[in-house]
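J.: Residue numbering for the sequence shown follows the numbering used here, beginning at 14 and increasing consecutively.
Honestly, I wouldn't trust all of these hints.
Stated by the list, open to error - The calculated label-pair distances, taken between Cβ atoms and stated as ranges, are: (1) Gly92 with Ala51: 24 to 32 Å; (2) Leu216 with Arg36: 17 to 25 Å; (3) Leu108 with Gln54: 21 to 29 Å; (4) Asp130 with Lys101: 30 to 38 Å.
Said to hold, decoys possible - Distance condition first, Cα-Cα at most 20 Å in a straight line; then the derived EDC-like pairs of lysine to aspartate or glutamate: (5) Lys68 with Glu52; (6) Lys185 with Asp105; (7) Lys70 with Glu82; (8) Lys87 with Asp130.
Bear in mind the hints are in silico, worked out from the structure with no lab data behind them.
All values reported here derive from a predicted model rather than from experimental measurement.
Just so it is clear, CB atoms sit at the ideal spot from N, CA and C, and this is done for glycine as well.
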Amino acid sequence: MSREAHVQFCERLGVRFPGATHRLVHCRTEQQAEALKAELQARLAECHLEMHPTKTKVVYCKDANRQGEYPNIKFDFLGYCFRPRVVKRNRDNLLFCGFNPAVSQAALNAMRQATRDLNLRRQTQLSLQDIARQLNPLLCGWIAYYGRYVPSALQPLLRHVNLTLVAWARRKFKRFKDSRTRAGQFVERLAKAQSDLFVHWELGMIGAFA
14 MSREAHVQFC ERLGVRFPGA THRLVHCRTE QQAEALKAEL QARLAECHLE
64 MHPTKTKVVY CKDANRQGEY PNIKFDFLGY CFRPRVVKRN RDNLLFCGFN
114 PAVSQAALNA MRQATRDLNL RRQTQLSLQD IARQLNPLLC GWIAYYGRYV
164 PSALQPLLRH VNLTLVAWAR RKFKRFKDSR TRAGQFVERL AKAQSDLFVH
214 WELGMIGAFA
């Protein structure tokens, strides 16, 4: 059954589509994009559905080959932010402007909040190994998904994790209570001596400690 026939079949059965379904459509020109947007709005209205009034927009994929000036040149999709970025061409290592994805700010905020929700910095009864057992499954999944494109964009998250460990060390050990610097140096030494303790350390994505 073709996709169009399948949709019509579902509609005849009274099947309701998800309230929030994200779709990404590529067009060659702005005129094509606006025309398609109007057609989609009309078709959705027939199904008693509608596009989100603010999230639905036409975005210009600006890069080295497309250098026009438009108000919208980035968008978020599936946790990634697609926008113009300086990238390196593999065959000759030359830098150029591409329209590429990297982890979005919203995704970074959500991941940082997930680590805050663990309240690790106050759990001084835990060992560093206990903390690693809680954090590593999260870090492994995040790095595997968001680290696929521009892994350096994950540095704010990794710094947040390291600073959480520094805050934990200051509460855990009395000798670091009054010195964030010495606590940071302590955790940094651990990252080098026991790099297999946390996923990002093991992968060489150590991050900052201050």
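J.: Next step is simple, just say for each hint if it's right about the structure.
T.: Results of checking the hints against the structure:
As the Cβ distance of Gly92 to Ala51 is approximately 29 Å, the hint placing it in 24 to 32 Å holds. At about 34 Å, the beta-carbon gap between Leu216 and Arg36 misses the expected band of 17 to 25 Å. The hinted window of 21 to 29 Å between Leu108 and Gln54 is violated, with their beta carbons roughly 40 Å apart. For Asp130 and Lys101, the Cβ-Cβ distance of about 36 Å falls inside the hinted range of 30 to 38 Å, so the restraint holds.
With a CA separation close to 17 Å, the supplied pair Lys68 and Glu52 stays within the 20 Å bound. With a CA separation close to 50 Å, the supplied pair Lys185 and Asp105 exceeds the 20 Å bound. Under the criterion of a C-alpha separation no larger than 20 Å, the hint pairing Lys70 with Glu82 is consistent with the structure, at around 16 Å. Proximity of Lys87 to Asp130 is assessed by CA-CA distance (about 30 Å); at most 20 Å being required, the pair is judged violated.
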